[in-house]
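Going down the list, the sequences are from chains H, X, V and P. End of the first sequence sits at 463 in the numbering used here; the numbers just go up one at a time, nothing left out. End of the second sequence sits at 463 in the numbering used here; the numbers just go up one at a time, nothing left out. End of the third sequence sits at 463 in the numbering used here; the numbers just go up one at a time, nothing left out. End of the fourth sequence sits at 463 in the numbering used here; the numbers just go up one at a time, nothing left out.
Just so you know, the hints here were simulated from the structure itself, not pulled from any lab data. One or more hints might be untrue.
Intra- or inter-copy, both count: the list cannot distinguish identical chains.
Lysine-lysine pairs mimicking BS3-like chemistry, simulated, CA-CA at most 30 Å apart [as the list claims (entries may be wrong)]:
#: 1; residue 1: Lys348; residue 2: Lys145
#: 2; residue 1: Lys234; residue 2: Lys173
#: 3; residue 1: Lys190; residue 2: Lys145
#: 4; residue 1: Lys309; residue 2: Lys160
#: 5; residue 1: Lys160; residue 2: Lys448
#: 6; residue 1: Lys457; residue 2: Lys135
#: 7; residue 1: Lys145; residue 2: Lys309
#: 8; residue 1: Lys234; residue 2: Lys190
#: 9; residue 1: Lys448; residue 2: Lys388
The residues making up each chain are set out below.
Protein chains: 4
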Amino acid sequence: MSDLAEQNGLLDRALRRVTSLWRDMADRVTGSDEETIEDQMRACLAGRGGEVSARNRAAKLAQAYLGLDTEGRIDFLRVLAGFDSDPAAVRIAMERVADATDPEELATAKGRLRRALEPPRVRLLTQFTTIPDGMKFLVDLRAEMLRLMDGDKRLAVLENDLKGLLANWFDVGFLELKRIDWNSPAALLEKLVQYEAVHRIRTWRDLKNRLDSDRRCYAFFHPRMPDEPLIFVEVALVKGLAESVQRLLDEKAPVQDPARADTAIFYSINNCQRGLDGISFGNFLIKRVVGVLGGELPGLKAYATLSPIPGFSRWLQNRLAAEEGGKLLSEEEATALRAALPPPRDAEAAGGTAVVAAETPAETLKRILARRGWFREEPVARALEPVLTRLCAGYLLNEAASSNPKRARDPVAHFHLSNGARVERINWRGDVSEKGMKESAGLMVNYLYDPARIEDYHEEYVGEGKRPAATAIRKLARGWA
Amino acid sequence: MSDLAEQNGLLDRALRRVTSLWRDMADRVTGSDEETIEDQMRACLAGRGGEVSARNRAAKLAQAYLGLDTEGRIDFLRVLAGFDSDPAAVRIAMERVADATDPEELATAKGRLRRALEPPRVRLLTQFTTIPDGMKFLVDLRAEMLRLMDGDKRLAVLENDLKGLLANWFDVGFLELKRIDWNSPAALLEKLVQYEAVHRIRTWRDLKNRLDSDRRCYAFFHPRMPDEPLIFVEVALVKGLAESVQRLLDEKAPVQDPARADTAIFYSINNCQRGLDGISFGNFLIKRVVGVLGGELPGLKAYATLSPIPGFSRWLQNRLAAEEGGKLLSEEEATALRAALPPPRDAEAAGGTAVVAAETPAETLKRILARRGWFREEPVARALEPVLTRLCAGYLLNEAASSNPKRARDPVAHFHLSNGARVERINWRGDVSEKGMKESAGLMVNYLYDPARIEDYHEEYVGEGKRPAATAIRKLARGWA
Amino acid sequence: MSDLAEQNGLLDRALRRVTSLWRDMADRVTGSDEETIEDQMRACLAGRGGEVSARNRAAKLAQAYLGLDTEGRIDFLRVLAGFDSDPAAVRIAMERVADATDPEELATAKGRLRRALEPPRVRLLTQFTTIPDGMKFLVDLRAEMLRLMDGDKRLAVLENDLKGLLANWFDVGFLELKRIDWNSPAALLEKLVQYEAVHRIRTWRDLKNRLDSDRRCYAFFHPRMPDEPLIFVEVALVKGLAESVQRLLDEKAPVQDPARADTAIFYSINNCQRGLDGISFGNFLIKRVVGVLGGELPGLKAYATLSPIPGFSRWLQNRLAAEEGGKLLSEEEATALRAALPPPRDAEAAGGTAVVAAETPAETLKRILARRGWFREEPVARALEPVLTRLCAGYLLNEAASSNPKRARDPVAHFHLSNGARVERINWRGDVSEKGMKESAGLMVNYLYDPARIEDYHEEYVGEGKRPAATAIRKLARGWA
Amino acid sequence: MSDLAEQNGLLDRALRRVTSLWRDMADRVTGSDEETIEDQMRACLAGRGGEVSARNRAAKLAQAYLGLDTEGRIDFLRVLAGFDSDPAAVRIAMERVADATDPEELATAKGRLRRALEPPRVRLLTQFTTIPDGMKFLVDLRAEMLRLMDGDKRLAVLENDLKGLLANWFDVGFLELKRIDWNSPAALLEKLVQYEAVHRIRTWRDLKNRLDSDRRCYAFFHPRMPDEPLIFVEVALVKGLAESVQRLLDEKAPVQDPARADTAIFYSINNCQRGLDGISFGNFLIKRVVGVLGGELPGLKAYATLSPIPGFSRWLQNRLAAEEGGKLLSEEEATALRAALPPPRDAEAAGGTAVVAAETPAETLKRILARRGWFREEPVARALEPVLTRLCAGYLLNEAASSNPKRARDPVAHFHLSNGARVERINWRGDVSEKGMKESAGLMVNYLYDPARIEDYHEEYVGEGKRPAATAIRKLARGWA
């Protein structure tokens, strides 16, 4: 609901800004006022009046779209989706391909078939790139389609067409890497605040701390959307692998001398444009930033992330709830956990530890994790650390996505492994924010990017499904059921 | 021959500049040194080692290409052209389209067929966009293909693929309009000198004169080729329609106050990148510049060109040579022409004008035009003016391209008419340079861009083949055989 | 105390930023480590080792200064002040002036005397301009002198020298006017927040509201202190004269279309650099901004301020406390005020209004003004409005500064009147913030800048002490005791 | 004569550019049209109408000045020079200084005397800084004064005042170092062509060669004259000390890889603004550029010039003409020279070498140097090389300026020695251009800037008059008469 509002908000703000430009262009369109949306689209495609006229028509359509409510927008998109390729032309072109006898004839026939297959709606979508802020309009349009389509196959086809176009236009070769710091325009920094979803930016002071001299922030931009970051990464320049995001974000911590840092920690990567979902640049961003940092700071010896494990808690709860949950931890571990806990009041009242003793290990673990703020109870935390760390190592290295047995179940793990990183270290109490406790049981991971091995690791993971990890992690994950 | 050298020169200069970057990238490619070009292309497409690795492979291929001689380059391109779509996959995909029963199934099948038809060579060409100066490499590559293909259908198919990609990337929505003046980088101005082909820039002083305060120069740029103009237009701000390009380019003429100009004369438009042939921006450029100038200089009332008529002389010579040449001018006109000429010495010697009198009108005209510097002989020029002007009006308004009866025979006329301009005036002795005399018999045309009628004119010409013109021109062209 | 801390803070921040640069330079100074500050100054003046060496010495001195505590800094400055001109040289040069017989000899002698009079400490101060951030160092140094000198005549002389140098360097001809908006660097906007003292900026949202499309903000910068605004003005584009600063600063108020505004309201002007006290640019800033706005927004018809009256409350309290306070308001006014008040509880208890009736009018006014939040009590406010407005008009137009009988007592009034503005309107409840109530009894003034009359008004005020005002204001101020 | 024209040209071009701005400002000055220049100056000083009005008056004066012919300009300047300090005020202020008893009183009295001595003309000159392009106006004004004053003591005093002001404003701390290359604006490069006086730039190709990747060009700019270089230096990045300027400027020589250069050769330094004569930045420029180059190109090991010896030929001719010329070279040297020459035809005719034998050594040398193109006659050149090289070494190390016995007679030698360079090498046939042959007998010098010794050398030369040189040079110069 709030997402919907926000998304509408994005389009509507764009509306305000470009509204007068679009209105001026729309006013120059000659033609009956009673034209339906479909008529207008048809006229736009017919190209009457030349390219300038077509541009004005596109502006008129864009403005019309923004003026509609949700129902109206869905109708608009369904009409647009209806501009499909001509079946007869496709059939004839297919026949020519089938009948072609020599290679040149075949090549020509195939070229024609490709053109016959190109649906007019794709040309119409392309028209929007010619109007001011047209690229942002299309990106936001796809974001809206993703939200609205909800099983509507007609819209799905249109969304797929648009995704193809955007993938083409947002090819990484077109992107510009820019550094963002405290001298960047406030309007841009405001967008960072809005788009940062991994570790929310709470105040301008928090933001300033993330842009200080011992920090770096880089984003990709597209020349046709110059005010909009596409993806950005926040980096801390530190000594040794960082283990706690709370310490990294502590505004009162003294500023470090970046020239003395030996490690660059990528602690937050955020995609900014929902409309570019599935068109990934994260991979390139990290490698480009590694290159830039290495050039600027020769003291850097290691590049690593400090990452959440967003699927860990849910997976653990599911396993504990399921029958085989019992296999997750041994009776010895459970006993140690129970010993660390103060005796439950009820239990005491009821005559001692008998009730508790009847618990299965899984029940014990569930009971402990249900305690609010357990991570602050030192004895409990001490007992939990080896258990959760071990389970986490197993989760990261052994558990597979339901869709693909070679793919890590955790989405962040999958992202970094497919980029060529390896699992380097699991950090106990790495993120004790509410979100960190809820999603990752407070744990965080360092994924290490070793420039010399990125390609090998990438190949091993993508090709064979191998998940590279530090020896200690590998040991922990061994003997997994 | 000199073009060839020049074209090679362009690529080779690019080579020098990016050579070290590409070499560094190529050096990072792992793989046997004995790989053939085809192996390398295959590896590049296989995507082993991730996108960064693919980029390095693309750099290696580009560098390899530049290292080849003409023979080698043709081989390279033929190998590349061979990476075609898989016939079996295409057949299966076509069958699915044919067999689809419901609309959704059909949409999905068509999508698959489009993907199956996409030849791998297109993906390979796209890879080059990811390397430094890769876009310029591709543009120059197409320029080279156009030169080398020479009937080779395999290369023609590849060239066509590349044209499609470039048309997509150089969509006018991606272009940036920039003003060029005497404060622009010398490196850029040097390129203007190099690319100006309509009225050659002879010296830096000539160039400076064209960038003075009563002149404007605008160019389109692409964000991925930021140092390279794609097309540029030179504009003079004057009072009334300009009639002579020599007067416009006179370096000693006093500088006018641009605020007092009432007319903007577009006197030179140049495409800079041969590799973008057939992907037109000239249309948009003129209209954008009209918009910009109108905003800056409210005194401007008219926008017109001062254009050559490059096909006029050749057409005239052909007609005069052909039998029906006699119909081009009347006996009265011929008599007037003869009277303007001094009696030929031989004729005199041979006893008077008898010989001349036996000439057909066409022969008389041919004889006169063969006189070097006739335009400086006042009596001759006076007699020729009405004849040539009339013939030129007819040529512009009545003669059709051999390929298309609705299309003006003169290419410059076709360009401006299809942009929505009209033929406004023919200028006697408008360009008396050697080139102007040879191609256009010294004549120039003003094509008028009337913002209020551009679209109507465009439609009339493109739709119905009507050629809008000022009344005087229309009268001259009437009664044409 | 907080000022002191702040001022130290400013210097110390500068210290951190440039510290490494200065340290590097200082390290290159050759010379004994036991040199006293005085020795170092002497060496710096002697110019041994050329200009580069002198620069390093200046950096060393600046760094030494920043390393000192308050005592040490005072000593440093006193040593520096001691580098005075040579008495003997001055005496001889004076004699030559006295003895000069012809004009040329006199001119030469006077030139020599000027040079003889120039104290070496001035050359030493000038040296600091050559080091990185040296200009900011000198500006902050003067700020510190102003704070520390406290009657010390030696420091006063030095401060006066530095003021003369700064006045020279910060001549308005050297300043650059820049617009500041939401696209400005966050680091700069942060400084606005820090320097805004008239109407404090509470949050980034407040700031953003002040930089929205219906607002303007302009600042002067100096090329040698490019990151530091010297003075800035905040402008609202509105319809009609603004009457309430709370309404102007309301973040929830809808954004207006600037093209429809007819009035530019200058509602906050802030000097940013204490070290430039007495070197005024405010005058120029307003006139430059009037020029810029007039060019950009042809709809603007009036330029006015919405200004506090910072001396009004204090003056009123003083007058009410003094004997002649009784003349400030009439018995009728006092009666009306009393009637508007609810009967005091004690008075009621003591048997009615008798006690109150015994009050003088001055006592009544004092009693009312002492009521917290009186401006929200409608009957009280209604009764007070004519009284306070009348008193304010008199204060602005009739009361003189103790130092100068021709000068308005209120400093803000003096500033605008000497710039050529006139008193246009007094706004009841124009600023009901705590500060506004305390200093100005909630009143605000519009000073009108009429471009056609600025010079006349300026002359009248500066020359004859006339204070231009709207008729209504003049009437109110008439009949003043 | 051509200088005069050029100088006028400079001012007049400025006139055209700013004319409309100044005219608009001048038009806003209220006041009688019959005001004399003196009245206008008086009004400008009186400050009536505030600073804005004063600015308009300054613009009016500047415009008036530019409208005058040479006579009128001299009158204008003499009137301006007449605005002298008030003699009575100076007398009183001097008395107060004389009578001051305690230090504070003295300090105050001296401050007042300084103010009393400041002539109003200085304030008037300062006013011009507030108008657009005012700083350039003042710089060009001083250039014109230097040309026009010609012994006029009144103008000399004014020129001296202006020099003092300019020295203050153009303090090196205010200057910005910028690199100039082929991507710099053509308008700026055109100025390089205009200002280069050491080795004239003949064509744009020559210019481009000097800005290629193995060259560097740096200039100082002032923020108030942003389009005007003040001084620039051209640098070649080479291997080993360069010995021939013709080789450096050869456009056909292959471009070197700057990363492999070990030596930076400063081969041309040009002051651009005649109006800044005597206000030197060359010193700082070289040292700043040494710093910048060292940072960018770690391979650089040596920094040296390749400099002309502009006074050598004239000095030599004078010495040869004078009686003691005979001591310049020995009879042995003369004999060797004579042997290298072909026998003179006349001599031959007259019966052999008898006539020649009667020559003194000085006459022989004179005779040889009078031969056009002697440097191309190998035997002659071989014989001359040791003689001229030895004489040049002596000239550089032993000969003193007439004004100062500690100062090198050659102005370029003096410049580099006082900057801390040493005489490193004399290059035979280093500059065989017409100018080089005429002024320096074809010789050039390398002055070496050794960063580690710059300060010592500077001190030795400035303090004690020692001229540091390489051992070989010192040996050559020894035993000098």
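Results for each hint:
| no. | hint | in the structure |
| --- | --- | --- |
| 1 | Lys348 x Lys145 | neither (43 Å within a copy, 63 Å between copies) |
| 2 | Lys234 x Lys173 | both (24 Å within a copy, 21 Å between copies) |
| 3 | Lys190 x Lys145 | neither (35 Å within a copy, 35 Å between copies) |
| 4 | Lys309 x Lys160 | neither (49 Å within a copy, 69 Å between copies) |
| 5 | Lys160 x Lys448 | neither (34 Å within a copy, 52 Å between copies) |
| 6 | Lys457 x Lys135 | neither (47 Å within a copy, 60 Å between copies) |
| 7 | Lys145 x Lys309 | neither (44 Å within a copy, 61 Å between copies) |
| 8 | Lys234 x Lys190 | both (12 Å within a copy, 26 Å between copies) |
| 9 | Lys448 x Lys388 | within (8 Å within a copy, 66 Å between copies) |
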